[in-house]
Amino acid sequence: MEWLFSRVNSFNLVKNIILQSLNVIIIGFSLTVMFYGESIPKTTMDIFIVLTILVSTALIVVGYMALNRYSNKIKEMEKVALEAASGVLYHRINNIDTTEDIGKLSWAFNDMLDQIEAFSRDLNASLKLISEGKTYRKMDPNGLHGDFVVYSKSINIALKRIATAQSKDAFIQDMLKVVEEYKNNDYRNQIDTTGMQEDIIGLADGINQLGEALTALSLENLHNGLALQDGANKLEHNINIINQAAQEQAVSLEETASALEEIASNMRSSNENTIKMEAYAQEVTSYAISGQKLASQTAQSMDDINEQVSSINEAISVIDQIAFQTNILSLNAAVEAATAGEAGKGFAVVAQEVRNLASRSAEAANEIKTLVQTATIKASDGKHIANDMIEGYTRLNESIDKTIVLIEDVTTASKEQELGVTQINDAVAIIDTKTKQNAHIAKETNIVAIQSNDIAQKIVRDAKSKQVKGKENVHIREKLIDLKYQGEEKRKIESKIKHHEPL
Amino acid sequence: MRTKIIPTNEEKVLNQNDFIVSKTNTKGIITYCNQIFMDMAQYTESELIGTNHNIIRHPDMPKIAFKVAWQLIQSGEEFFGYVKNLRKQGGYYWVFTNIMPDFDLDGKIIGYTSVRRKPNPDALKTIIPLYQQLINLEKSGGMDSSFKAVSDLLNEKNMEFNELSIALQGDI
Numbered sequence: 000m001e002w003l004f005s006r007v008n009s010f011n012l013v014k015n016i017i018l019q020s021l022n023v024i025i026i027g028f029s030l031t032v033m034f035y036g037e038s039i040p041k042t043t044m045d046i047f048i049v050l051t052i053l054v055s056t057a058l059i060v061v062g063y064m065a066l067n068r069y070s071n072k073i074k075e076m077e078k079v080a081l082e083a084a085s086g087v088l089y090h091r092i093n094n095i096d097t098t099e100d101i102g103k104l105s106w107a108f109n110d111m112l113d114q115i116e117a118f119s120r121d122l123n124a125s126l127k128l129i130s131e132g133k134t135y136r137k138m139d140p141n142g143l144h145g146d147f148v149v150y151s152k153s154i155n156i157a158l159k160r161i162a163t164a165q166s167k168d169a170f171i172q173d174m175l176k177v178v179e180e181y182k183n184n185d186y187r188n189q190i191d192t193t194g195m196q197e198d199i200i201g202l203a204d205g206i207n208q209l210g211e212a213l214t215a216l217s218l219e220n221l222h223n224g225l226a227l228q229d230g231a232n233k234l235e236h237n238i239n240i241i242n243q244a245a246q247e248q249a250v251s252l253e254e255t256a257s258a259l260e261e262i263a264s265n266m267r268s269s270n271e272n273t274i275k276m277e278a279y280a281q282e283v284t285s286y287a288i289s290g291q292k293l294a295s296q297t298a299q300s301m302d303d304i305n306e307q308v309s310s311i312n313e314a315i316s317v318i319d320q321i322a323f324q325t326n327i328l329s330l331n332a333a334v335e336a337a338t339a340g341e342a343g344k345g346f347a348v349v350a351q352e353v354r355n356l357a358s359r360s361a362e363a364a365n366e367i368k369t370l371v372q373t374a375t376i377k378a379s380d381g382k383h384i385a386n387d388m389i390e391g392y393t394r395l396n397e398s399i400d401k402t403i404v405l406i407e408d409v410t411t412a413s414k415e416q417e418l419g420v421t422q423i424n425d426a427v428a429i430i431d432t433k434t435k436q437n438a439h440i441a442k443e444t445n446i447v448a449i450q451s452n453d454i455a456q457k458i459v460r461d462a463k464s465k466q467v468k469g470k471e472n473v474h475i476r477e478k479l480i481d482l483k484y485q486g487e488e489k490r491k492i493e494s495k496i497k498h499h500e501p502l
Numbered sequence: 000m001r002t003k004i005i006p007t008n009e010e011k012v013l014n015q016n017d018f019i020v021s022k023t024n025t026k027g028i029i030t031y032c033n034q035i036f037m038d039m040a041q042y043t044e045s046e047l048i049g050t051n052h053n054i055i056r057h058p059d060m061p062k063i064a065f066k067v068a069w070q071l072i073q074s075g076e077e078f079f080g081y082v083k084n085l086r087k088q089g090g091y092y093w094v095f096t097n098i099m100p101d102f103d104l105d106g107k108i109i110g111y112t113s114v115r116r117k118p119n120p121d122a123l124k125t126i127i128p129l130y131q132q133l134i135n136l137e138k139s140g141g142m143d144s145s146f147k148a149v150s151d152l153l154n155e156k157n158m159e160f161n162e163l164s165i166a167l168q169g170d171i
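Read top to bottom, the protein sequences are chains Z and C.
Position one of the first sequence corresponds to residue 0 (numbering that gives the first Met the number 0), numbered consecutively onward.
Position one of the second sequence corresponds to residue 0 (numbering that gives the first Met the number 0), numbered consecutively onward.
Incorrect hints may have been included.
Claimed, not checked - Below, in silico cross-link-like pairs of lysine-lysine (BS3-like), each with a Cα-Cα straight-line distance of 27 Å or less:
(1) C:K107 <-> Z:K127
(2) Z:K127 <-> C:K156
(3) C:K156 <-> Z:K167
(4) C:K11 <-> Z:K133
(5) Z:K182 <-> Z:K127
(6) C:K147 <-> Z:K133
(7) C:K147 <-> Z:K78
(8) C:K156 <-> Z:K159
(9) C:K66 <-> Z:K127
(10) Z:K152 <-> Z:K127
Honestly, the hints are just simulated from the structure, not real lab data.
Just chain C, with the same shape it has in the complex (with noise of 0.2 Å):
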């Protein structure tokens, strides 16, 4: 059982050099993580096999980001997001997230891969109000209206949901 983590305002920023990876069953169930990860998450190895990758899960995420990502993974595809992680001490960190499925050799999806990368800090200063703004429709009007203003906001972009995830990272 967990005990309820109060986030703070503490931010870790992601080493430029660095990556966090991490390994996830087909339920989202870790099964491995490299020492960056437990370095930025401030949990050891042990707290976190075996645990729901949620575990760094951050209030200020709103769930239709998860939704995304579950619904391109899950559909063999890979994923680019923006993710604010909570640490176990409260604190949290941005990353630029590329989740990919695991395949074995039937094709057969067995798990998920996740490399985490610093993300571009003028990226953030888009992502950071539009997660409020998505934040607040699914207060209002559920996921139903957050996943319409994220589908208005791909078609007015004419983007796919990872094109405008890569455009916004840009070269760093």
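Chain Z on its own, in the form it takes in the complex (with noise of 0.2 Å):
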């Protein structure tokens, strides 16, 4: 039977066919008997009264079926209802015949309860969803009839402000996480205030333009942090330069001073010798005055020795004459003794001794004259000696006076020199003490240089240690105004520093 419902599946349509045959079957019995009375044979009956207790027992047992679906129908349900009393909400009555009006309480029910978990379900995932920040998620009223639509449009209000301030507090977490980083130095981010609300925007621009302000101190103290290392550095390096230079000055200077005391006792001596040489060469023109006087008396003796030779020689031709004469004499005495015969001989003898005289006479006053002609040769040469002699010391006079004009002229370049050496000598003491207050100058400018260098390095690895942007750009120039450079950057900066901006 149950197989039977199920099939048709409509209780009612078997009900209503075994009611309406029980019908046909008592209305056709009636009326039988009606029209036909007694004359109704026995078996007819029989088979009327069998078909009616037949139909009868059929309508029984099927109206006790159909008290025991719906009785198991109201078990169903019950047992539905308590699971969703319970709040389980999953269960449904199946095999539902509409035809029923247990099957229309049964969709009735099943339909509350779609109504009741749809709704139940769609709340229950749009809190979820919303509580993990997830806004998207709504309430869905179609298909949802009555309160459950208000419901859910009221809900979906709500979740819609439960959004709003979760999207503020999302974007307030923000602006505290970018607050924080600025506290930490990280002034890189700024708050996106794309999607924001109107009533913390202003909020939002605060901390951006906080943000700005931090970043263009940050990046301009890292500019001048770096300029002033990188001056500090030089300014180290070329103290260090000018240190060094005064120290070497001040060796050389050393060296320089003993070189020109030097020179100056060199001078001083050479002076001190020029004035000796003037007085030699005083000495020496006296002398050779003397000398020519000499000479010119010796010229004038050898003329003197020449007249005297020409007298010996007048004597020499005398005595010439009377060996002469005294040979003729003798020869005529020999002549005379030899006339004379033998008593003239001894005188003969005398005549011959007095020739041999004279011979000897002769031969001496010749040689004599020989001797006399060398002599006056002799003289003659000594005077051209004497006036050689003459000519020379005349000469050597005038070598000596150019001489003494030269030495005059040495001595006083000498003192020249010597003046100058003084200066220069003054000058090197100048130049030494300022060079020995440069070396002063220069320590105490290299200490503030180190100094500086430190401050630098300290602004520095400040500036750095903080996190901007465009910090990798932060260079400073080899020279911070490059002569070259005709750009419109070029007078940017020198306007900067003309109105002394930051760079």
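Two chains, two frames, a set of hints: combine them into the complex.
In structure tokens:
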């Protein structure tokens, strides 16, 4: 029977068919009895009675089963209702016959549960997602009915409010995060105000402006620090060079001073020597003059000798003539002796001796003549020599005069040089003092440079420790002003320098 | 044994005040369906209960849609999507589907409940060509390529699948 019901899916249909059959049988039986009365055969009556009993029995069975089904459905509904009452909305009633009242009730029951369950699940899912921060989920009132639609719409308004609050909270958390980053010297991040609520945009803008200001400040600090560091480095380097140069200069100046001292002393001794030389030259001059005089006297003496020699020559000529005449006289005596014969023989010997004497006198005169001539030549030579000497002395004198002039010049020059050297010495002494001052200043400047460098390093370290956008782009140029550069930037920087603005 | 239904272009539009409710076990076998379901799908309760839910699957649906749905609900999440369903007489109807897993008291999934509403016609203007594109991709490159297309779309929109579905539905 259940099989049958499930096939036709209508308990009412079966029930009605049986009821109609019963009606047809009863009406047929009644009509038959009315028209035919006692004439109805017993068998026909029996058939009717049996049929009526059978159909009635069937009706009772079907009725019982219907009651049973009804009761089962009620039990099923009770079960589902109890589950629903205990909060389990999952269960439904199946195998519903819509032709039955209980079927309609079942569907109403199912539909009610569908409404409650769909609404509850929608609510639960929406709340679950929004509590996870996902705001896209909302209640869908389509398909829900009555109060559920109203509730859904109210809940959606509430969800929207929660979403707004969450969004605001998220924005505020973002802001706090950024502020915390700023606190930790990281100025890179800005707050994105896209989709931000009007009432907190002002706050975000304020924080962003703060970030920009901090960024600008940090970049400027970094830039200035780098520039200062660079300047300090260069200063230190240059000061070191100056320091070293000053030391080298001091050594050189010392060497120069001692060299100058030596030159000065050399000059002094040179001066003394030139004075001595001048004196010697004067002495030589006087000796030369006396030499000249002596040479003149020698020449005079030579002339005198020449005159005397002439006199000797004349005397010799006289001697020569005497010898000649003596010779002739001896000849005459010899002739006379020869004539006197034997008496005269002694005389002849005397005459001979006289003649020998005359010859020897002539020879002696000749020898003297030769000697005198030689003496004359020598005297002449002597005169020549004396004349040469005079001329030599004259030249010597001239030379000495020139030498004296030169010596005087040298002396003058030496004196001037000495003066110059003294001035140089003074200048060197001044330079030495200045150099020492410079060295001292350089030393002090070096300390300043080192301190500046320390400060610059601190500034740079501090500035670099800050996380700033564009930090890596902050460089100092080799030269702050590039003279070859003609672009706009140069003028900008120059203008900034001019107006004492930060670069 | 079901006879193959030949799809027609006859569309049945779901009433905005109604929703289709159905429940299945973990294997997709229908355990409950409401009267709207029967009305829309043109099946009786006894035809539907005990049958796999894919009885109403339309050939115009890309496989990836069901894959995404199963992935989500099997991991305990809900699914929102647009589904074209096949009626017994070959017609079709579009639904905006929400499927949720049913949990027992221990938190174990014991089945799934689906509530289907009328989809926003504007959403369908986007969905119909998208599904056609996905089906073409599946024909040429299998589900891997349609999965990639869906992933790319979601990445591009920076949305979750459900978020995109709900956004398309809007308020109707």
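Hint check:
no.: 1; hint: C:K107 <-> Z:K127; in the structure: 18 Å, holds
no.: 2; hint: Z:K127 <-> C:K156; in the structure: 23 Å, holds
no.: 3; hint: C:K156 <-> Z:K167; in the structure: 23 Å, holds
no.: 4; hint: C:K11 <-> Z:K133; in the structure: 34 Å, violated
no.: 5; hint: Z:K182 <-> Z:K127; in the structure: 35 Å, violated
no.: 6; hint: C:K147 <-> Z:K133; in the structure: 24 Å, holds
no.: 7; hint: C:K147 <-> Z:K78; in the structure: 47 Å, violated
no.: 8; hint: C:K156 <-> Z:K159; in the structure: 22 Å, holds
no.: 9; hint: C:K66 <-> Z:K127; in the structure: 24 Å, holds
no.: 10; hint: Z:K152 <-> Z:K127; in the structure: 18 Å, holds
The structure does not agree with the numbered hints 4, 5 and 7 stated previously, though it agrees with the rest.
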